[in-house]
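Peer 1: Here are the chains, one letter per residue:
2 protein chains.
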Amino acid sequence: MFRCLEKITFVFMKTISIFGTGNVAFHMIKAISLLKNYKILQVYGRSEQKHYDFSNEFNFDLKTTSDLNEIQPADFYLVCIKDDAIEEFIEKIARPNIICMHTSGSLPLLDKNCKNAVFYPLQTFSKSSELNYAEIPFCIEATEEDVFTKVEELALAISDSVFSISTEQRRSLHVSAVFVCNFVNHLYSLGEEICKEKGVPFEILKPLIKETASKVQQISPTEAQTGPAKRNDQNTIQSHLRQLSGKDQKNVYQLLTNSILNTYGY
Amino acid sequence: MFRCLEKITFVFMKTISIFGTGNVAFHMIKAISLLKNYKILQVYGRSEQKHYDFSNEFNFDLKTTSDLNEIQPADFYLVCIKDDAIEEFIEKIARPNIICMHTSGSLPLLDKNCKNAVFYPLQTFSKSSELNYAEIPFCIEATEEDVFTKVEELALAISDSVFSISTEQRRSLHVSAVFVCNFVNHLYSLGEEICKEKGVPFEILKPLIKETASKVQQISPTEAQTGPAKRNDQNTIQSHLRQLSGKDQKNVYQLLTNSILNTYGY
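Protein chains in written order, with this note's numbering: chain A, 817 to 1082; chain B, 817 to 1082.
Isolated chain A (complex conformation) (with noise of 0.2 Å):
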């Protein structure tokens, strides 16, 4: 008779402790307390409050510390926290043989007494959303060829989405991430406020917001330009321009439009 024997492997297990208490954080450490070869070893944050908020949040176990000299020695740090505290930040818990990874667009790659790396996860995240971590694109960084494998597998183990992108191009991701979300959102925003003042549900636009950011995932957004701008119908144009009671909604109307004219050639 035939037994099957289990298949035996040894995973050395890697450590990460992540630091911040942002939603960068917070959905780093969703992400990666899901892997199974990867255990989160100490979450720091500055205020003991948020720190206390943050675990509540997660029904795993999170060793949580708001002292520097209570951090313990790991394969990766993973630094979420404001741009313009980063590299001070990274200076402080740098140590020779750890991966100090940032997860910022805009930084370069530091030059800091650590291995260095970047982990740059692009997405929009806020606490509510339920995201799907394998789609999120993650842009990594390193020099040294080992530590880039090492940072590539973990990108890998919670995405299958990973690029390797200089700082220069990461810098251009992050200019165009503000068009294409920030900004975005901004028009959605004018967009309900031109609803309220005639008292329309900002609802019925819903459909055509989603169907707009899903035209462009297959077509190239110039094909899928449509509108009055695109058409040069200035009767549409000037009438639309008469109906808009804000400074702000007139200018980003003309704006736009004018952009748009451009691009088309009229």
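Check before you lean on any hint, since a few could be wrong.
If several chains are the same, the list does not tell them apart, and a pair holds so long as it fits within one copy or across any two.
Heads up, simulated DSSO-like pairs for lysine-lysine below, C-alpha to C-alpha not over 30 Å straight-line [claimed, not checked]:
no.: 1; residue 1: K852; residue 2: K1022
no.: 2; residue 1: K1022; residue 2: K928
no.: 3; residue 1: K943; residue 2: K1026
no.: 4; residue 1: K898; residue 2: K1046
no.: 5; residue 1: K1014; residue 2: K855
no.: 6; residue 1: K1022; residue 2: K846
no.: 7; residue 1: K898; residue 2: K1012
no.: 8; residue 1: K1066; residue 2: K879
no.: 9; residue 1: K908; residue 2: K1014
no.: 10; residue 1: K866; residue 2: K1063
no.: 11; residue 1: K1012; residue 2: K966
no.: 12; residue 1: K866; residue 2: K1022
no.: 13; residue 1: K966; residue 2: K1022
no.: 14; residue 1: K943; residue 2: K830
no.: 15; residue 1: K1012; residue 2: K855
no.: 16; residue 1: K1046; residue 2: K846
no.: 17; residue 1: K1063; residue 2: K943
no.: 18; residue 1: K1066; residue 2: K1022
no.: 19; residue 1: K966; residue 2: K1014
no.: 20; residue 1: K1014; residue 2: K846
no.: 21; residue 1: K898; residue 2: K1066
no.: 22; residue 1: K852; residue 2: K1026
no.: 23; residue 1: K898; residue 2: K1014
no.: 24; residue 1: K866; residue 2: K1046
no.: 25; residue 1: K1066; residue 2: K1046
no.: 26; residue 1: K1066; residue 2: K846
no.: 27; residue 1: K928; residue 2: K1014
no.: 28; residue 1: K943; residue 2: K1046
no.: 29; residue 1: K928; residue 2: K1026
Just so you know, these hints were derived from the structure itself, not from any lab.
Fit chain B to the given chain A structure using the hints.
Peer 2: Just chain B now, kept in the frame of chain A:
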């Protein structure tokens, strides 16, 4: 013994003729062809060739004509042609007993020699997109009550989302739609342009685009706002402005940043 008797209901099929061969007409034909109690009688379009292409897109028989003299009476005439041609066109086809509906966001409820109505589907239509018609908001308008009821019945047969919207409200929705669809799509284009300049694949931004649209399905855009302008992070703003090459890119960045700063009281 009991015997189940089939309940036989006599339903009068209502007839609809559709005018136009553009994207709106295409999707209205598709949506109406799925309805049990409505029958598409004829489809009118000026160009024979376009008609031929158009017929080939459907896997059911479509009676097409490019001769207005061949148009037969029907319960509904649904006019899906360009805004600036609608009024004159409806004047030609209007008959007192027929409900003539236009699909324009900006034209008023007309006053022609027919049962006047508006049937405005608020969505961006392209032939290549598979749309869930049940989710498309229909904004309807009619003065006479019985006309309104019939138009509402038709809209509810297609969609779960039907609204009674006045001309003024519809015009606001139309302007808002320019902000949340046409302008948003142009920001996607600018994002793509910036990526191309640095050889970064636009692909990387697609999950962000999806999530940004997805967030405002649940929370208000004002709550969802993030980014350097929301935080009045002038370092990042100035560094972004230095990176941008095109005049349009810079102008759009500056104006939308200022508009966000205004919104959040900086």
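Peer 1: Does each hint fit the structure? Answer for all of them.
Peer 2: Hints, verified against the model:
no., hint, result
1, K852 to K1022, "between (38 Å within a copy, 28 Å between copies)"
2, K1022 to K928, "neither (46 Å within a copy, 33 Å between copies)"
3, K943 to K1026, "both (21 Å within a copy, 17 Å between copies)"
4, K898 to K1046, "between (39 Å within a copy, 14 Å between copies)"
5, K1014 to K855, "neither (53 Å within a copy, 36 Å between copies)"
6, K1022 to K846, "both (29 Å within a copy, 22 Å between copies)"
7, K898 to K1012, "between (34 Å within a copy, 28 Å between copies)"
8, K1066 to K879, "neither (52 Å within a copy, 45 Å between copies)"
9, K908 to K1014, "neither (55 Å within a copy, 33 Å between copies)"
10, K866 to K1063, "neither (39 Å within a copy, 43 Å between copies)"
11, K1012 to K966, "between (51 Å within a copy, 29 Å between copies)"
12, K866 to K1022, "neither (34 Å within a copy, 32 Å between copies)"
13, K966 to K1022, "between (41 Å within a copy, 26 Å between copies)"
14, K943 to K830, "within (26 Å within a copy, 50 Å between copies)"
15, K1012 to K855, "neither (48 Å within a copy, 38 Å between copies)"
16, K1046 to K846, "between (43 Å within a copy, 26 Å between copies)"
17, K1063 to K943, "neither (34 Å within a copy, 36 Å between copies)"
18, K1066 to K1022, "both (22 Å within a copy, 29 Å between copies)"
19, K966 to K1014, "between (55 Å within a copy, 26 Å between copies)"
20, K1014 to K846, "neither (42 Å within a copy, 32 Å between copies)"
21, K898 to K1066, "between (34 Å within a copy, 25 Å between copies)"
22, K852 to K1026, "between (34 Å within a copy, 28 Å between copies)"
23, K898 to K1014, "between (39 Å within a copy, 25 Å between copies)"
24, K866 to K1046, "between (48 Å within a copy, 22 Å between copies)"
25, K1066 to K1046, "both (18 Å within a copy, 21 Å between copies)"
26, K1066 to K846, "neither (42 Å within a copy, 37 Å between copies)"
27, K928 to K1014, "between (56 Å within a copy, 27 Å between copies)"
28, K943 to K1046, "between (38 Å within a copy, 18 Å between copies)"
29, K928 to K1026, "neither (43 Å within a copy, 36 Å between copies)"
Hints 2, 5, 8, 9, 10, 12, 15, 17, 20, 26 and 29 from the list above are not met by this structure, while the remaining hints are.
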